[in-house]
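Based on the sequences and whatever the hints tell you, model everything.
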Amino acid sequence: MSATAGPIRRKRTAGARLFGPPAAHPYLLIAPAVVLVAVFLLYPVLSVFWESLQHHNLTRPLDDGFAGLDNYRKMLSDGLFWRSLRFTGQWVVVEVGLQFALGLALALVLNRTFVARGMARALAFSPWAVSGILTTTIWLLLYNPTTGVGHYLASMGIGEYGTSLLSDPGTSFWALVIAELWKGIPFFAILILADLQSVPTELYEAADVDGAGVLQKFRAVTWSHIRKAVVVATLLRAVWEFNNVDLLYTMTAGGPANSTTTLPLYVAQTAIHGQNFGYGSALTVAAFLVLTFASLVYLRISKTNFEEGK
Amino acid sequence: MKRQHNQAVALSTTGLPRRGFLRTAAGIGVAAGLGSTLSACGGSGGSGGTVTLHLWDTDTRPERTANLRKLISMFEAKNPGIRINYLGLPTDQYMQKINTAIATRSTPDLLTPKASDIAALVAQKALAPLDDRLKAAGLEQQISPQMLKSSRAAAPDGKLYLTPATSLADVIYYRADWFKQANLKPPATWADFDAAARRLTNASAGRFGYTLRGGNGFFAQLVEMVYPRAGVSTFYRADGTCTLDDPAVISACEAYVALFGKQTARSDLTADFKAMVAQFGKGGAGMLSHSVGSYPNHVAALGADKVGVVAPFPATGHQVLTGWMTTGFAMFKASKHQDAAWKFLAYTMEQEGNSFWAQKSGYLPGNKAVAQEKWVTENKALKAAMDASSAPGAVTLEQPYYLPEFSTITTTDLLPQWQKVLQGGLSSRDFLTAAAASLTKAKSKYGKEHG
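Heads up: the sequence lines are chains A and B, in that order. So the first sequence is numbered by full-length UniProt numbering: it starts at 1 and just counts up by one. So the second sequence is numbered by full-length UniProt numbering: it starts at 1 and just counts up by one.
It is possible that part of the hints are untrue.
To be verified - Taking beta-carbon pairs under 10 Å as the criterion, some of the chain B residues facing chain A (in silico):
(1) 95
(2) 203
(3) 206
(4) 207
(5) 271
(6) 278
(7) 281
(8) 284
(9) 418
(10) 423
What the hints assert, rightly or not - The following label-pair restraints were derived from C-beta to C-beta distances:
(11) B/105 x A/240: 28 to 36 Å
(12) A/64 x B/254: 37 to 45 Å
(13) B/186 x A/289: 57 to 65 Å
(14) B/202 x A/178: 29 to 37 Å
(15) A/301 x B/236: 52 to 60 Å
(16) B/159 x A/34: 45 to 53 Å
(17) B/105 x A/22: 41 to 49 Å
It should be emphasised that the hints constitute simulated quantities derived from the structure, not laboratory data. A virtual CB, placed ideally from N, CA and C, is assigned to each residue, including glycine.
Below you can see the structure in the form of structure tokens.
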């Protein structure tokens, strides 16, 4: 074949006719993923933004139409929106903080060597394997005023009959916190324990030689190893707790008297029960923006800490 | 390296094959969309001369489901060319599923809605009117006029969408054995009721005179305990304003609220149907207000001899009947087999089907001949409701289920305020005045929209 020969004219095969020129192949290969993302992620997100600009209430079909920013104006003057936002912040901070602290303590205990450690680990992690609806059912039965723990305590002279932690606005928050902790602590414990097991024992031995105490060993060796896992776990858990609906909805449905209504629960009440999809979408957009902002701030702070810790 | 170069040349010479890419992507998208639509669609079908109907049930208590399946099999035995597929929807989320089906045009043929659901479904033009078919089948004369009227009143346009197969009615259940032990006669007046609630309460032993519904569904019990006591028999005055702010209603509500925490458990602040029934059945409460439909639950928990039933008492000479809400079946407008679907609807109103369904449900039958059957008078709850309805001057309080916003106002909007009232953070007067204003506004708006 000489260099001066004319361009090679390849015969178009059936495959080439079907899939077009080779330059198109990369696009064809990613097309299914692009379509799936567009259909199942992009479209729903954009449709919520669009819906938030509409009056769309199934019980008031004659009022339906373009609302502009009406739903957002209404939201700014809606006392329950601000109250639910504050309660959501309280819920996330208390839940994630306690889950982390107790999960870390549990992981440190389970990382030590003792008799029946395997059994103890299995028992400690089992709540994480229980489904959300089962968790709420277990705790609803425990808190039940007729058949629950309170009833039996009252029969022993402790407390009063006919009371329930979930029915008292003064105690309902902590009753929910305890139920969610039962399921959430193992999540942190599993992640932290996995990281703890990768810490070289030589480091602890070196620290012992240097005369480091328990707290010094924890700060210099343990914490520096598990810090990244803690950041990821905390962020994930904060997002999940922000969006927690199953436990809160099943146990109190936001009550009594809206005292345990989080923002996602308010969205569910507005859109599903109230059938007001326009306002419900505006609340969803607000939740989306709050969550995105909080995540960015958290990651920024964590990144700064990592860089300082290098 | 050479291949990469060749590809780069190819890209630069031929340009991006955007049109082909977009065409292919669109094709995949359409195929995926069609696939999901087809798989989600629950349309009826027919093969070999058999029509298959789809029925969605909104109340999926196990015993009710078994009874409904039996009713379907009885119907199928009489109509060999028709099959009915039963699908139970989650009781607390069924409207969400139905709304999704309406939006995606994948509704079934038949539904078991409540009267309070009809307005929202009719607003979406989802249901088929049944008036002409009822008349043509000659069924109108066989059905209780009161239930027929109540069924029609549930729709914004006054048409019949919900078959008046059965009806609920409010009653007060009491522990007959506790009354006997305390030498009390069954309550016959509101004064008797209040005295019994006080007498039966022994908080230190875990016994309360009454269980009050403070949680989900509270409005039905509020109306049952307040309107008959106030002697007010209409929900709206002639000028279209709501009677919830009537002084007699406010006074009756204050008496009702006064029970909370004294003659009731404090946990009643969030009590829903299940919590109330559990308290009554486990010996925690001596009296309970609910519809006739829960009678079988109480008998199963306590035994028939321990369950007494009375209707809410007349206050000012005339009996106000509450909770007379029709429950039945409806047909979707989009059904392709409306004739077959109507056959099933008719069967639930004819004597055989109606007798079975009403008896097994524990509801008042819509068929007049069935209402004369022996089992109706043997059911204490049905007997109490029927006796009350036949009292001289008895008037049925019709609640405005036809208002599309009624359900949202009386559930989502008012529940937190009601719980504030029970906790003492809001007065009965302020609560009822605000509720009346809200319902008056809803009716006024409805009036303007519907002429």
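Quick check: which numbered hints come out false for this structure? The structure conflicts with no hint, since it agrees with every one listed earlier.
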